[in-house]
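S.K.: Working from the sequences, and respecting the hints, build out all of it.
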Amino acid sequence: MFEIISPLFLSLIVGGTLIGIIFGAIPGMTATMAVAICLPLTYSLGLENGLALLLGLYVGGISGGLVPAILLGIPGTPSSITTTFDGYPMAQRGEGEKALRIGVVSSLIGGLISLLALFLFAPALADFAIKFSYVEKFLIILFALTVMAALSSDMLLGIFSGFLGIFISLIGAYDVERGGNGALRLVPPGTEYWLESGFSLLPVLIGVFGLAAILEEAENGVGLTRTASSLKIGKGSGFSFSVFRGQIGNLIRSSSIGTFVGILPGVGGSAASILAYSNAKTFSKTPERFGKGEPAGIIASESGNNGLTGGALVPLLSLGIPGDSTTALLIGAFTLQGIQVGPLFIGDHPDTWNAMILAMVISNIAMFAMMYFAIRYFALVVTIPKHVLYPIILMMCVIGAYTINYGVMFDVWTLLIFGLFGWLATKIRLEIAPFIIGFILGPSAEIYFVKSLESFGDLTIFFTKSWIAMVLWGLVLASLVGSITMARKRKAQVDLQTSRGTAP
Amino acid sequence: MKLTRRNILATAAAAVLLAQPLAAQAQQLPRNVRLVIGSKSTGGDTYQNSAIVAEALSEHLGINVKVDAVGASEAFKILERDSRGTTIMIFHDQSYLANLYGVPGYDDPFEKYTVGPSVAINPGNAYLVAADSPYGSMEDILKAAEKGERIRVAIQPGGVSEIGFSALKNAARVRAPGSEANIVPVNTGSQSDKNQAMWDDLADVINGSIQANEQFTQLPADDAKAMRFVWITARPETIAQAPAEGMGKTSRDQLLGFTSPATSVTLDGTSDFTFDKEFFFLYNKDMDPAIVAQIDTALTEIFAAGKIQERQKEAFFIPNFLPSQEAQAHLSAKRDTYAKVIAEISGD
Chain A
590 MFEIISPLFL SLIVGGTLIG IIFGAIPGMT ATMAVAICLP LTYSLGLENG LALLLGLYVG
650 GISGGLVPAI LLGIPGTPSS ITTTFDGYPM AQRGEGEKAL RIGVVSSLIG GLISLLALFL
710 FAPALADFAI KFSYVEKFLI ILFALTVMAA LSSDMLLGIF SGFLGIFISL IGAYDVERGG
770 NGALRLVPPG TEYWLESGFS LLPVLIGVFG LAAILEEAEN GVGLTRTASS LKIGKGSGFS
830 FSVFRGQIGN LIRSSSIGTF VGILPGVGGS AASILAYSNA KTFSKTPERF GKGEPAGIIA
890 SESGNNGLTG GALVPLLSLG IPGDSTTALL IGAFTLQGIQ VGPLFIGDHP DTWNAMILAM
950 VISNIAMFAM MYFAIRYFAL VVTIPKHVLY PIILMMCVIG AYTINYGVMF DVWTLLIFGL
1010 FGWLATKIRL EIAPFIIGFI LGPSAEIYFV KSLESFGDLT IFFTKSWIAM VLWGLVLASL
1070 VGSITMARKR KAQVDLQTSR GTAP
Chain B
105 MKLTRRNILA TAAAAVLLAQ PLAAQAQQLP RNVRLVIGSK STGGDTYQNS AIVAEALSEH
165 LGINVKVDAV GASEAFKILE RDSRGTTIMI FHDQSYLANL YGVPGYDDPF EKYTVGPSVA
225 INPGNAYLVA ADSPYGSMED ILKAAEKGER IRVAIQPGGV SEIGFSALKN AARVRAPGSE
285 ANIVPVNTGS QSDKNQAMWD DLADVINGSI QANEQFTQLP ADDAKAMRFV WITARPETIA
345 QAPAEGMGKT SRDQLLGFTS PATSVTLDGT SDFTFDKEFF FLYNKDMDPA IVAQIDTALT
405 EIFAAGKIQE RQKEAFFIPN FLPSQEAQAH LSAKRDTYAK VIAEISGD
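So the sequence lines, in the order shown, correspond to chains A and B. The working numbering applies: residue 590 is where the first sequence begins, and numbers increase by one. The working numbering applies: residue 105 is where the second sequence begins, and numbers increase by one.
Hints were generated in silico from the structure; no laboratory data involved. One or more of the hints may lead you astray.
Quick partial rundown of chain B residues pointing at chain A, CB under 10 Å, derived from the structure [stated by the list, open to error]:
#1 R138
#2 E159
#3 N299
#4 W303
For each residue, glycine too, the CB sits at the ideal point set by N, CA and C.
M.R.: Now the structure itself:
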């Protein structure tokens, strides 16, 4: 197994991981983009070395997203959206380094747990994955959508914002490639040319998180920039591994959720961290701290999205079906080398299989080493004067939006429209987190719901399809009850404070 | 310098002379060419095939040709805007089939664009049944439909995936009019969805491909995921050009057993229906014919050298270079055949 390790193999993994981290850390650039750019190189590198590069990019790209999510409040990749919820408040308290270290350690553990699952159980997990039909996939998405309630500070407005996100995500053609009929929906007359494909996810994401924040700062007047001395960095960062005490359950559960979502083709990478976060909040003894800088939130989000990396390789290598958009590109690398991926791949190509597992392990370790020790310098990003930092962020957001679909100008307009929307939305008390979760999950919810009805006939199938469906209903209800209970407690607390005259 | 008539004339003459090379340049492909494709996937067959062609053109002409996977809708928009030759497109039969099936956003490519040279065929389009299916062949399926059994076929509607389904319905109509009503579509999306439809017992037959499904045909019969090929739509002469070892553990000879004439899906009672998924260029209608000729010439030389064919065959493509005019005639005739099939089963 270890004979594959050569200086070239190692340097490709390390180099790939580094480039991936950079791509993930720049808002608008993604792991998928990094892999797409480097895909043609793999032809000349040979399969094992080519895969080493691509897997390094994949792991690095997913992990790098936590840096802007925590320091700037802008998710570097869609899968790090939930990292912003607690990471950014921590960074605002000067605990950016601590939050980053928690994120990096969680990413490593999530990545390694999912790899273990991949290595030991890939064929069995693939057999389990095929038990998930449209019905079960819809219920998973529904479960992920319940996080909208958990994330809302005002339940009614939060849920309204979430539904608004779903509504906007459905604008455009009913995608033929997902089994739709290509008909346009919700498109105002005269805008068909631009809105045919709807709004792309990434420009919307960086618009509502990145541009909206910059507009907000501009409105308030760009405040004083933090000095390095006001940051908790180095020995004073407050980070120690004791943060993870009591979080082992959260780590294992979130990593497993990430892995599990990865093995289900079509559910989508973003759902992994959303589900992990939702669960962590539901099972937490202090759910009220989530969204305000709770380390458990970062742990759930980052172990969840890195758990996806190994999980998404399960259907790819056991069924020939990619688990997410990045692993879809890996099929190209195999085909360019004339290698088939499918249920016989692992048995027929043990060397390639071993090389992939090794590359993923080394890449996770390289990611940890590079990020853990460079964090102190990352954390200093917030000390760059804002009048310098914000134009750079804005420029990167625009470049990212333009390049995400290989040069579509409407994506830049999308960024600007949703930047304005994000800025104005908070003024009318709409909530951005539920909105964006609705936007991410809306298209999957629609397609799985419609296809379930088309395939099985009526609504009762959602309750009678299988034991898996019943378990998922249980989780949906638990999540909703948890959210409602929490909202009542919060209201009771506010009422009590008001009656004592101590309300904020 | 005084503005005398002589000076003005001399300046104008110099400008005309200087403009000559620019005018000559305008009839050539620019230094940087954007090759948009009708797919958003950079891991799929359209991208792979286009990347091979783009690399060969770049090397041969000493220019940069960059493949951008923008997807069909965006690619057509970009192509429509750019007549300078800076943007060209590669797509496949979906471009006209989607138009025939009435998918919104797809115009008739033969009218709206200039169809350029064809470069390769993906011979993989196939239909499969579960390993434990009662249907052993297309003949069984058509006979079952004649007997009144309902046959559910999982496809992605509106294009390449549907044309074989339409042909199946048409064959049923030719053999026993009325029996085509027993062949019904199960509209799905990706290959993963089609496979899942079979495993969920929602479909009796699924559309798939040699590349994506061959390994499932090698699984033991008691494996819930096991499948069997029943039909490969490619022409036999196309499959005959594939490597002798075929794909995976299925040899070329075995693959030929699933193509016409061994497996017959009749077109009109006398000849069989076949479908090769062909990749070809599309240009802006107003693009300079000199650029069309330049690409034709370059590809003629590239294919004459023979190296590109090796790359294509390694990725299980069948080389199929036809210069623009031949490709237009060939694809136009092919479109007319399929238009007839679709019209017949629609009752138009």
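S.K.: Is the interface hint satisfied for N299(B)? The criterion is a beta-carbon contact with chain A at less than 10 Å.
M.R.: holds, 7 Å
S.K.: Mind checking the CB of R138(B) against every CB in chain A and telling me if the closest is under 10 Å?
M.R.: R138(B) check passes; min Cβ-Cβ to chain A is 8 Å, inside 10 Å.
S.K.: Holds or violated: the hint that E159(B) contacts chain A, with Cβ atoms closer than 10 Å.
M.R.: holds, 8 Å
S.K.: With chain A as the partner, please determine if W303(B) meets the hint condition of a C-beta pair closer than 10 Å.
M.R.: W303(B) check passes; min Cβ-Cβ to chain A is 5 Å, inside 10 Å.
Consistency note: the structure conflicts with none of the earlier hints.
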